[in-house]
Amino acid sequence: MIITRPNHDFATKYLFRWSQTVITLAKKRNILVIDLKGKRASRVELTKSVRKNTADFIFINGHGNDDLVTGYNNQILVQFNDNEKLFRGRIVYARSCRSAAKLGKSCVKKGTRAYLGYTDDFIFYSDAASKFLGPSNLIAKTLLIGETAGQADQKAKDAYARTIQRFENSSVSEKDRELIPYLQWNMEKQVCLGNKNARLKI
Amino acid sequence: MVKISDEEIRKMVIARLEITPSKRKIIIGGAGAFTKKELIEKIKQHDPIGQKIIEVHLNYLRSFKKQQFWG
Chain A
1 MIITRPNHDF ATKYLFRWSQ TVITLAKKRN ILVIDLKGKR ASRVELTKSV RKNTADFIFI
61 NGHGNDDLVT GYNNQILVQF NDNEKLFRGR IVYARSCRSA AKLGKSCVKK GTRAYLGYTD
121 DFIFYSDAAS KFLGPSNLIA KTLLIGETAG QADQKAKDAY ARTIQRFENS SVSEKDRELI
181 PYLQWNMEKQ VCLGNKNARL KI
Chain B
1 MVKISDEEIR KMVIARLEIT PSKRKIIIGG AGAFTKKELI EKIKQHDPIG QKIIEVHLNY
61 LRSFKKQQFW G
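If you read the protein sequences in the order shown, they are chains A and B. Quick note: the first sequence, position 90, residue 90 per this note's numbering, numbers continuous. Quick note: the second sequence, position 24, residue 24 per this note's numbering, numbers continuous.
Hints are computed from structural coordinates only; laboratory data are not their basis. One should not assume that every hint holds.
[Unchecked claim] Under the rule of at most 25 Å between Cα atoms (straight-line distance), these lysine-lysine pairs were calculated in the DSS-like manner: (1) B:LYS52 with A:LYS157; (2) B:LYS3 with A:LYS13; (3) A:LYS157 with A:LYS189.
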């Protein structure tokens, strides 16, 4: 697994911390982890790591847009019509806003086996991060235990759905209930592009 | 069918945000982290972030119309 974990702002610090549990699982399963954390979440480091290693799962954390994903200090890592071929033959999970709208589709056309990501902004509450980043982590964790990209997508969505259902119960606090529209948003904007039957070669 | 104006929608979303604890922060992708006060201001200013929050809430309300039930 190659993972990028910038930590240069409020949002990426959360992704940085929450990714640790995914790294721990990978190591527990004897999967080599190339952890491009902090300033190492750069285009040069990512390119070098992908070219030198046969890691078939690339986990991108950071900001993004319809046509790109970024790393440390929002440096562009992969961009539409530029270097999508970097992801050829791999399964990618981009925990970045919007990139599945355009970049993900192009990556799949150019050989990415499966691209899991979001077609719009990923939104979460800082004091309820587990409700959002927990299901999000399930995508990576499901892949790491050998299940398919489609199963990873579905497991995360099921986790969101269970929380939404629980919070729609009238006995729940207002503090929990107000999360519902945002949980639903992230769930609906999450997609699995490419081969849904793709799984890691582990 | 009754048409709801943009202004009424804004008021509705602001009312929903008003019940948010003051110190809670919502992180919206690369745009940053916002308190309820900041988000309400952005909605009133017709800011893109404000528009995004409205879109999230409208999406949720539409799910009732589509009769989406979980479980």
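The hints, checked one at a time:
no.: 1; hint: B:LYS52 with A:LYS157; in the structure: holds (21 Å)
no.: 2; hint: B:LYS3 with A:LYS13; in the structure: violated (42 Å)
no.: 3; hint: A:LYS157 with A:LYS189; in the structure: holds (10 Å)
In this structure, only the earlier hint numbered 2 is contradicted, and the remaining ones agree with it.
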